[in-house]
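Asker: Protein chains in written order, with this note's numbering: chain A, 1 to 130; chain B, 1 to 182; chain C, 1 to 408; chain D, 1 to 98.
Hints are supplied without guarantee of correctness; some may be wrong.
[Claimed, not checked] Capping the alpha-carbon separation at 25 Å, the derived lysine to aspartate or glutamate pairs in DMTMM-like fashion look like this:
hint	chain 1	residue 1	chain 2	residue 2
1	D	Lys35	B	Asp137
2	C	Lys246	C	Glu114
3	C	Lys21	C	Asp106
4	D	Lys35	C	Glu263
5	C	Lys21	C	Glu91
6	C	Lys246	C	Glu91
The set of hints was computed from the structure by calculation and includes no laboratory data.
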Amino acid sequence: MIETLRVGAIIVLVVLGLFFTFVSATGVLRLPDVYSRAHTASQADTLGAGFALAAVALALGFGTTSYKTVLLLFFIFITNPTAAHAISRAADEQGIEPWTTDDDRTDRDLYEASEVETDGGVATNGGEQP
Amino acid sequence: MITPFEAVLFAFVLATAITTALLRDVLSVIVVFAAYSLGMALFYAFLLAPDVAMTEAAIGAGVTTLLLLLTLVQTVREDDNRTFEQLNIPALVVFGALLVVLVATLTEFPEAVGSADAPAWSNPAVTQYYIENAFADTGVMNAVTAVLAGYRGFDTFGEAVVVFAAGVSILIVLGREVFTSE
Amino acid sequence: MSANSLLVPVSGSSTERQTVKYAVRRVLDGTGEVRIRFVYVHPPDRTQETSPEEVVADAGLSPEQATRLLDRVAVWAREDAGEDISRLTVETAQIGLTEYLFSPEDLATRLVEETEEHDIPHILLDPEYNPGIGSPLLRPLEYELTRFRECTVEEAPAQLRTRRSPLVIRSTPVQVGSLFLVSFLFYQLLAGQLYWFDLVTGVISATIVAVGLSRVTFHRNPSLRSLSQIGRLILYIPYLLVQIVKSNILIAAVILHPRLPIEPRLTRVRTTVWGGIPVMTLANSITLTPGTLSVRVDGRSLTVHTLVPSAREDLFDGGLERAVRYVFYGRESMKIASPRERGDTKILQPIPGKSDGSDENESPGETGEADETEVSDDREASGDTETSDDREASGDTETSDEQGGEQT
Amino acid sequence: MPVAFITGDLVTDVFLGAAALFMLLAIAMFYRAIKGPTTQDRVLAVNVLGTNTVVILALLGAGLGEPSLLDIALVYALLNFLMAVAISKFTVERGGVL
C-alpha cells in the first residue's frame, strides 16, 4: 500500500517536473526577448528541476544518498536565479532594450543592437589589439 | 538495442557538434560547445563511466570555457554579421574522405575489438595474467599503473607528450601579452 | 616663507604621524608664538543608503572616534614640540557635522573659510589625506585648493609606507573557524562516510578554504544574531516555495496561452532592506518568483523586469520584501509600508494608453533613463528624490561582491 | 553498487522515459542556442540546458541505480553556474572573465 503510494507520488512528481520544464522550454522558444526568456529560464525551469529531483530523492529513499539530492536542489535554487540575474544584467549593460508590447523590432535588430553596444569580442576596443 | 534515451542523446550531441562547427561567432561557439560537453557528460554517465563523466563535466563546462574565454581575450575578432560559416568545398571533400576512411576501417576491424568475445573478456586468463604477474614484471604495486606505464609505456609516453605540448601552448597563448607588453 | 601657523586636515591615514612631525618642525622654525590647528572633516551622512552597522565601514568616523583621533594627533604634536612646547598652541576642530560637503570643491571652500576665520594662511596636506569625499571622477582636493589664492597649500614630505600586501589576512579567528567548520562539514557530507582518509583530506581542504577565503566570505563576525536569522530563514523558505508554485502556475498559463498575453516592463523599486546578503536574498527571491526578474541591483535600488501586470502589482505590494525584512531584521520591521505606499516604485518604460508614451526615439544604450513614469501620479510629492543618475553613482561593487561570495 | 531501490521495473521505466523526454526538451531549447540572436540568449539557453542535464543525471542515477551520478550532477550544477557568470562577465567587460 505504502509502496503504491510512493510509486504514485514519484510518477506525479516526475510528470509535474516534466510539465514545468516543458513550460520553460516553450517560454525560451516563444518569448520575444532575452529578459522575458530569462524569466522562464530561471523560474519554471527551477521549479521543474525541483519536482524531478524530489522524485529522485523519494526513489532513492531517505538516508544514504538522497541528501545529495537535497543539496543539489539547494544549489539549483540559489545558482539559477543568480545566473539569470547575471545574464540579464549583462544584457542590460550591453544596452539591449527590453521588448515592449508595441515593439516591432526583429531578431536581427536585437542582434545588431547587442553587437553595436558591446565590446565583447568585436574589434572596437582598441586597447586589446596587439 | 538502442533505447529512446540513447537515440535522443545521439541527436542532441550530433546537433551540438554540427552547430559548433557551423556557427561563425566565436563566443557563441564557446557557449554551444559547452552544450556539447553537456551531452557528452550524459553519454559517459549513461554508459556507467562516472569518473569520465565527472572529468567531462569539470573540463567541458568549467575549464574549457574559461580557457577559451581567456584565449579570446587575447585575440581580435573580425566583425561579421553572418550567423553561420559558409561551406568550404575543399574542406568538405577532405572531411568526407576522412569519414569514409574511418567508417571503412571501423567496419573492417576484427570482431574482437569491443565485442563481448574479446580475449580480455572471453578468456579470463589474460586478465589473470596481468593480475598475477604485473608486480613481478614491472615492480609497480598498482596493477593499473603497471599496465599504463609498463606494458603500454610507449603509448602513455606519446599521450604525455601531447598533454605537455598542449600545456605549453596554453601558457604561450595566455602569457603572450606579458611577453610583448614589457 | 615664514609659517607660524598651519591648518592640517587629518583623516587617520597611515602617514599621519610623519605629517604631524613635519608640521611641528615647520611651525617651530618660525619665531614667537606658533599654532597648529588640526581639523577633521566629516563626510556627508550616508545613513540614508546603508544600515547603521555598515556606516562605520567607509563613511568616516563617528564624532567620538573623530575626537579620539584629534586628541591623539594633539598629543603627538605636543610630544614633537619638546622643550618648545610653551610657544606652541594646538587647536582641534571637527567640521562637516552640520553641513553637507559633497564634492572636493565644497570641501576646499570650507577649508579656505576655516583658514580665514582663524587667520591661518597655510594649509598642510597629508599626502595620504582621504576625506572620504568625492570620487575618482572628480578633481582632487589639491587641485580645488590651488584655485584659491587666499592661502598657500603645501604637501607634507611624508615617506609613503609600502602598502600592505593583499595576501595578509585580516580576518578574525572566529571567521576562519566558522568557515573551516562549515567547509569541513560540507566535505564530509559529500564524502558520505566517515573514513580516516576523508577526514584527513577534509581537514586539509577545509584549512585551505578557511585561510584563503574567510576574508571574502565574511564581512563581520558571525554571531548569535545570525543564528536567529537562520531560524527565520527556515521559516521563510516554505513561504517562498508557496509563492513560487502559485505564481509559476500563473506564468505557465500565460506562456502556454495561444496569444501569449504578456506586457513586459522594466520597473524600479527602492527597497527597505540594507546590505549585501539581505539585498541578495531579496533579489534572488524576486527572480525566483515568476513574472519578476531582477536585472540590476544598485545599493537598495532594484531594477526589476516584470512580465505581466499582475506580477508587477505583487512586486509593488512588497510581500517578498516584507518577508525578507522579517528574516533579517525581525518581526518589528514588518510594519514598514509597502513600496507602493512609500512611493518607491517606478515603471521605467511607458505603458501605452496610460500616460505619455511619446518619447520613442531614445537611444538603445539608455534603457529606461529617458522617460520614467510615476506609477501613481498622486504620489509625486512623496519624497522620492532618487534620480536615474544614482543608478551609476551608487556602487556596482555590491553586486559583484555577492557573486564572489556565491562562488566560494 | 546496489542501491536502496524501491525496485519494480515501472519506476525504472518512468525515470528513463522521463530522462528521454527531458532530453527532447533539451533539443528543443537548443534551437534557441543556435538562433540567438544575442550572446545572452545563447548563454541563457545553455544555462537552462545545464539545469536540464543536472536533472537528467539525477534521473539516470535513480533509473540505473547508480547514485554516484548524483556527484556528477553536483559538480555540473556548480560549474554550469560558473560558466554562465563567466560568459556574462566576459560580454560586459572584455577580459573580465574571472
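Asker: Hint by hint, say whether it matches the structure.
Answerer: A quick look at each hint next to the structure:
no. : hint                 : in the structure
1   : D:Lys35 to B:Asp137  : violated, 58 Å
2   : C:Lys246 to C:Glu114 : violated, 62 Å
3   : C:Lys21 to C:Asp106  : violated, 28 Å
4   : D:Lys35 to C:Glu263  : holds, 23 Å
5   : C:Lys21 to C:Glu91   : holds, 15 Å
6   : C:Lys246 to C:Glu91  : violated, 66 Å
The earlier numbered hints that this structure contradicts are 1, 2, 3, 6.
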